[in-house]
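A.B. asks: Counting the sequence shown from 1 gives a position; the working numbering is that position plus 52.
No wet-lab data here; the hints were simulated from the structure. Even glycine gets a Cβ: it sits at the ideal position worked out from N, Cα and C. Just so you know, not all the hints are guaranteed correct.
Unchecked claim - Label-pair ranges, simulated between beta-carbon atoms:
(1) 101 - 168: 25 to 35 Å
(2) 155 - 81: 23 to 33 Å
(3) 169 - 109: 16 to 26 Å
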Amino acid sequence: MGAWAVAAGIGGDVIGMLVVVVIGGAFICAGLLWRGRIRQPFAPGRAWSHEIRLRQRRLRQAADLAISRARRAAGPGEPAVVRVEEVRRVLAEHFGLPDVPRQVAAEALRRRYEAGGCHADCVTDAFD
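Given only the sequences and the hints, what does the whole structure look like? Please build it.
C.D. replies: Here it is in structure tokens:
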């Protein structure tokens, strides 16, 4: 501790706290200055693979939602009709993906149709 700190009656713990506050303030200022300047991810390969996984997850969720909506809309004793256009509508409304090709939505619906055991109570146009 410096002579000025002893003369002022400041302990070592107070100086340590001031150092932490000053360093934290420097980080905050640096963050404010650099905000918005990074335009590319640090790891483009990881960002791309994450985007693919996220898109596949959204496709699965949209197909599941379309199947559950069709099951709720079906009357007692009649099969639920699940259409590919419903999957595309869910993708556009809920996930903001309006430009998904019909073939991609149909593939996602086919996979969820088979995985969910929908053969017993559903019909779909995804196999056309």
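A.B. asks: Output the numbers, in ascending order, of every earlier hint that fails for this structure.
C.D. replies: 2
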